[in-house]
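Required output: the full structure, derived from the provided sequences and hints.
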Amino acid sequence: MANSTNSLNSGTNNSGTNLIVNYLPQDMQDRELYSLFRTIGPINTCRIMRDYKTGYSYGYGFVDFGSEADALRAINNLNGITVRNKRIKNIQTPGSYYSLFPHVLEPSRVL
1 MANSTNSLNS GTNNSGTNLI VNYLPQDMQD RELYSLFRTI GPINTCRIMR
51 DYKTGYSYGY GFVDFGSEAD ALRAINNLNG ITVRNKRIKN IQTPGSYYSL
101 FPHVLEPSRV L
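First residue of the sequence shown: 1, per UniProt numbering; consecutive thereafter.
Keep in mind that the hints were calculated from the coordinates and are not lab data. Hints should not be assumed to be uniformly reliable.
Unchecked claim - So the derived label-pair ranges between C-beta atoms look like this: (1) ASP51 to LEU72: 30 to 38 angstroms; (2) ARG87 to ARG50: 18 to 26 angstroms; (3) GLN26 to ALA69: 30 to 38 angstroms; (4) LYS89 to GLN29: 14 to 22 angstroms.
Glycine included, each C-beta is placed from N, C-alpha and C at the ideal position.
Following this line, the structure appears as structure tokens:
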């Protein structure tokens, strides 16, 4: 775990290996998220999104795996687990998350 600092905060993201993880406990730290997902395979980056002034967790984060196979295994094995009375769910690649939205908004549907 000599590269743990780098594994938590830096690196490049491949859309097939980068996962968004939703419904995280408010008091969860980056290290805990890293430890949980590290059980699946090597991690390039891991970060819980927070307000930069207050440190308040937004309740979601990103985990970027070394391979697409590990990312898929994480989706299948960790989606829906309970951590401190909070059920982690909707683990998916950000690209699949945004594909749920319509590509073109019709003016009649905006208002």
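Evaluated hints:
Between ASP51 and LEU72 the beta carbon distance is about 31 angstroms. The supplied range of 30 to 38 angstroms therefore holds. As the Cβ distance of ARG87 to ARG50 is approximately 21 angstroms, the hint placing it in 18 to 26 angstroms holds. Checking the proposed 30 to 38 angstroms range against GLN26 and ALA69 shows it holds: the Cβ atoms sit about 31 angstroms from each other. Separated by about 20 angstroms at the C-beta atoms, LYS89 and GLN29 satisfy the suggested range of 14 to 22 angstroms.
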